[in-house]
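Student: Protein chains in written order, with the numbering used here: chain A, 1 to 325; chain B, 1001 to 1369.
None of these hints come from the bench; they were simulated from the model. From the three backbone atoms N, C-alpha and C, an ideal C-beta is built for every residue, glycine too. Incorrect hints may appear among the rest.
Covered stretches of chain A (chain B as the covering partner; in silico rule of three or more C-beta atoms under 8 Å from a C-beta of chain B) [claimed, not checked]:
1) 32-39
2) 46-53
3) 250-256
4) 259-272
A few chain A positions that, by computed beta-carbon distances, are all more than 10 Å from chain B [said to hold, decoys possible]:
5) Gly69
6) Gln97
7) Arg109
8) Arg177
9) Gln187
10) Asp194
Beta-carbon label-pair distances, calculated as ranges [claimed, not checked]:
11) B:Leu1338 <-> A:Leu280: 15 to 23 Å
12) B:Leu1338 <-> A:Gln253: 27 to 35 Å
13) A:Gly75 <-> B:Arg1163: 46 to 54 Å
14) B:Phe1092 <-> A:Glu186: 55 to 63 Å
15) A:Gly107 <-> B:Glu1202: 21 to 29 Å
16) A:Gly107 <-> B:Gln1205: 22 to 30 Å
Residue strings, one per chain:
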Amino acid sequence: MRAEPSFDGLRDGKELVDPARFCSQSRLVIVAGKGGVGKTTMTAALAVMAAGAGLRTLIVEVEGKTGLGTAFGRGELSYDEAELAEGIRARTITPDQALLEYLEDHGMRRLSKRLTNTGFLDVVATAAPGIKDILVLGKVKQLEREGDADFIVLDAPAAGHAVTFLQSARGLLDAVRVGPVRTQAEQVQEMLTDPARCQVLLVTLPEETPVNEAVETAARLRERVGVHLLGIVVNGLYPPVRGLDDAAELLGQVPADEAEPLRAAAAFRQSRNELQRDQLARLADGLDLPQLRLPFLFSPELGPREIDVLATALADAVGALETAS
Amino acid sequence: MTLAPLTRTRRVLVCCGSGGVGKTTTAAVLAMEGARQGRRAVVVTIDPAKRLADALGLETLADTPTRIDGDWPGELWAMMLDTKSTFDALVFKYAPSKSQAESILRNRFYRNISTALSGTQEYMAMEKLYELHEEGGFELVVVDTPPTRNALDFIDAPRRLTRFLDNRIFRWLMMPTRAYLKAVNVATRTLLRTISRVVGTEVVQDVVAFFQAFEGMEEGFRQRAERVLHLLSDPATAFLLVTTPRADALKEGRFFAAKLEEAGIPVEALVVNRMHPRFARIGADILRKRAADQAGSELAGLYENLADFTQLAEVEEANVAELSERVKPAPLVRVPFLPTDVHDLEGLAELGKYLFDGDGEPAPVAETR
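Isolated chain A (complex conformation):
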């Protein structure tokens, strides 16, 4: 069985945290956050960090068109697993395909085409909301149980949807009393609420609305889903710059036409730093979770090199956790 270190223990500095240890708290980590905060990027960085720690890693995407494949310099992902980098495989799971597979596995192959071609899945999904999500999560659970991958990173739907998505099991347990859907929902709920099997990593930005939404999402995930939260990644922090505090003095030696933009850029950086510090403090006040702080990347494109940079920064942030308190 897997080790089950508690995060509080880690924060007390009793345990050495390294990426391998961080990633072995649960086989499945669900990355959740609102749109535009870098959730998919973080999924990629976490996978690279885990693979770097020697874990066979699988990325699971459930929304499509996230650009995860392209971030690794590959094409879009498909239902079939593909290797993205050394030690990292990736795939999508869509409800239609998960249903097809389920029916085929249960000897209902003839039905399966008919169900999907007629749009009947929509009817069933409407009749029993959450059924699409449970099909996807059921497949994720199967992968988690099979254990072909040491570490599975699931790129969850964006914020509000993430709660609905993960809540589907509990919702169906209320609605459906018997049958295979209920069994599936029970097993998924069991996985979601077992911190040794599954945890959620939240992602946010050091900005007002994202911080508010992260605090709300965390509360909902705890109350409505009962899932354990691993930590929160705060993405996009401006890295420190030497000389920022002494800008006025330093610029005395510089020709005026360059001194002015240097001063303005330094002042801008400083004001942004302050705002970010305020938001980090607000986040710490509102949410009792270890913060993993990652740098803002000035490079506007997201490719394998940027993901490596973030994976390294993430590993550093993980390493800093034990000394954080």
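Fit chain B to the supplied structure of chain A, relying on the hints for placement.
Tutor: Structure of chain B alone, referenced to chain A:
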């Protein structure tokens, strides 16, 4: 460039773009400008996160328009969409009798349709927009679109829902007697049995009861959906694309632009929020060289900092220019990275300066606080 002609002349403005780019706040600014121009304007949000209420300095918003007082000749109203009550109103409108409408509203499957069927929220947003435009007496209706999984669901949503309500399988489901079941082919019967087995017979009974109650209303719904779609392609309606200059948001932006184009709908304005300022005319590579010359000193840090922001601004500008070229001749407005979110009307007015007063060109040297 300015968006003033849009708020002055159009009747409906739709803000689209991916999540987290500032659509809701932009929609509020547009409606406020309409009020400032003397029009009776309403802003509708689909975002359940109360962003609109917050931007207007309110605690909450209702699902009917609330008037926002302010120093302008026109009127500003705001509301938050409630998908279910909008749908309920439609059912009452098209049901032949009050009792039929009530029996639909009581049905569990119906309650699921109005909350869980994908595309319903989008459809109801468009429906509400139509209603406010046609019956609400508003001269300007501004709406933000849901941050949906499938970018342009809202254009497709009305048709999708009517297709759903027309589905042939439901016709079979609606035939309750054994005689009919015999006429239905074996495969369908097997299908129904399987569904019953998987989700339970009561669920299937709900579905059947719903379609029985709904019988005869499809035509009304379909016609209404067609009128809603017609409004979206009317010249009085304009679509605005809202984005940020980050690569992922721009990628979504290009996708939106392509989808709108496919649907024959032009993008009539491009709003780019959160642009980084450009501080220097000097190129980033020269600044990097300066930093290298000063290597090891604190001054090198300042040059690196300036080089970083300059490079960022260069790339952002290039990426934005590319998208702007794509949606030509739509005006482009740039809104800089602001220190805080908007929490009151003054903040909205401040933001409005970038949308309505500016020339849309990047500031040569940014102001800092």
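Student: Closest CB-CB distance from Gln97 (chain A) to chain B, is it above 10 Å?
Tutor: Its Cβ never comes within 10 Å of chain B, the nearest being 16 Å, so this holds.
Student: Hey, does Gln187 (chain A) actually stay past 10 Å from chain B on C-beta?
Tutor: holds (15 Å)
Student: Quick check for students: does the CB of Arg177 (chain A) sit more than 10 Å from each CB in chain B?
Tutor: Violated: least Cβ distance 7 Å, not greater than 10 Å.
Student: If I take the minimum Cβ distance from Gly69 (chain A) to any residue of chain B, is it greater than 10 Å?
Tutor: holds (13 Å)
Student: The hint says 55 to 63 Å between Phe1092 (chain B) and Glu186 (chain A); measuring C-beta to C-beta, is that right?
Tutor: 39 Å Cβ-Cβ, so the 55 to 63 Å window is violated.
Student: Is the Cβ of Arg109 (chain A) farther than 10 Å from every Cβ of chain B?
Tutor: Label holds. Min Cβ-Cβ 12 Å, cutoff 10 Å.
Student: Is it true that the C-beta distance of Gly107 (chain A) to Glu1202 (chain B) lies inside 21 to 29 Å, as the hint says?
Tutor: Roughly 25 Å apart at Cβ, these two residues keep to the hinted range, so it holds.
Student: Would the least Cβ to Cβ distance between Asp194 (chain A) and chain B come out above 10 Å?
Tutor: About 26 Å separates Asp194 (chain A) from the closest Cβ of chain B, which puts it past 10 Å; holds.
Student: At a Cβ distance under 8 Å, does chain B reach at least three residues of the stretch 250-256 of chain A?
Tutor: It holds: at least three residues are needed, and the stretch 250-256 of chain A offers 4 whose Cβ sits within less than 8 Å of chain B.
Student: Verify the CB-CB distance for Gly107 (chain A) and Gln1205 (chain B) against the hinted window 22 to 30 Å.
Tutor: holds (26 Å)
Student: Verify the coverage statement for the stretch 46-53 of chain A against chain B, using a C-beta to C-beta distance below 8 Å and requiring 3 or more qualifying residues.
Tutor: With 0 residues in contact (Cβ-Cβ under 8 Å with chain B), the coverage given for the stretch 46-53 of chain A is violated.
Student: Examine the stretch 32-39 of chain A for residues whose CB is less than 8 Å from any CB of chain B, and state whether their number is three or more.
Tutor: holds (count 4)
Hint check: violations occur at hints 2, 8, 13 and 14; the rest are consistent with the structure.
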